[in-house]
Amino acid sequence: MLALTFGAGRLLTGESLLVSPGYNVVTWVVTAKHSAWLVLAIFVLRNLATSAAVAGGGAGGIFIPLSVAGALTGSIVATVVHHPDPTLFIVIGVAAFLGAGYRVPLAAVMFVAETTGRPSFIVPGLLAAVIAELMMGASSVTKYQVGARPFDGPADADAPIHS
Numbered sequence: 001m002l003a004l005t006f007g008a009g010r011l012l013t014g015e016s017l018l019v020s021p022g023y024n025v026v027t028w029v030v031t032a033k034h035s036a037w038l039v040l041a042i043f044v045l046r047n048l049a050t051s052a053a054v055a056g057g058g059a060g061g062i063f064i065p066l067s068v069a070g071a072l073t074g075s076i077v078a079t080v081v082h083h084p085d086p087t088l089f090i091v092i093g094v095a096a097f098l099g100a101g102y103r104v105p106l107a108a109v110m111f112v113a114e115t116t117g118r119p120s121f122i123v124p125g126l127l128a129a130v131i132a133e134l135m136m137g138a139s140s141v142t143k144y145q146v147g148a149r150p151f152d153g154p155a156d157a158d159a160p161i162h163s
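Quick note, the sequence shown lines up with residues 1 to 163 if you use the numbering used here.
Hints may be right or wrong, so weigh each one.
[Unchecked claim] Cβ pair distances, simulated, as ranges:
{"hint": "1", "residue 1": "63", "residue 2": "2", "range": "19 to 27 Å"}
{"hint": "2", "residue 1": "138", "residue 2": "55", "range": "17 to 25 Å"}
{"hint": "3", "residue 1": "134", "residue 2": "7", "range": "35 to 43 Å"}
Calculated from the structure, these hints are not laboratory results.
Note that the Cβ used here is the ideal one computed from N, Cα and C, for glycine as well.
My request is simple: use the sequences and hints to build the entire structure.
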């Protein structure tokens, strides 16, 4: 399945956008205008490849794949609304995917603010991250986040974090 996914991505773009962690995908989506359909196809193929790699026990995490998925989604939205500068939409997409995926919208927004150096992105990023987290419900992309449970005081003080 991975070979078919990689082949389809190479056939569509002429580049190897599905083999690396994703930095080249963000560069690809930021530096040139692409149709929303092409970006959507890369989004779907990257998510299939990431899912197959994670399900197959592949090494690595999903921080970068979530960031790339957010950047691709932001680019699609910017293209659909015909905005000349997709940067804000790409950054908002990253904030939304990271905030919802890891259930930490404030950390995602601070990450975006720090990496872009643009304070004007904070409020739109926060709105997107909170809305995305609300849409995510009680789900998380990591099995180590435990659902909310009451704190039992000193008895829980020595409990391991992952219990």
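Hints, verified against the model:
1. 63 <-> 2: 19 to 27 Å: holds, 20 Å
2. 138 <-> 55: 17 to 25 Å: Cβ of residue 138 to Cβ of residue 55: about 21 Å, so the range 17 to 25 Å holds.
3. 134 <-> 7: 35 to 43 Å: Cβ of residue 134 to Cβ of residue 7: about 38 Å, so the range 35 to 43 Å holds.
Hint compliance for this structure: no hint is broken.
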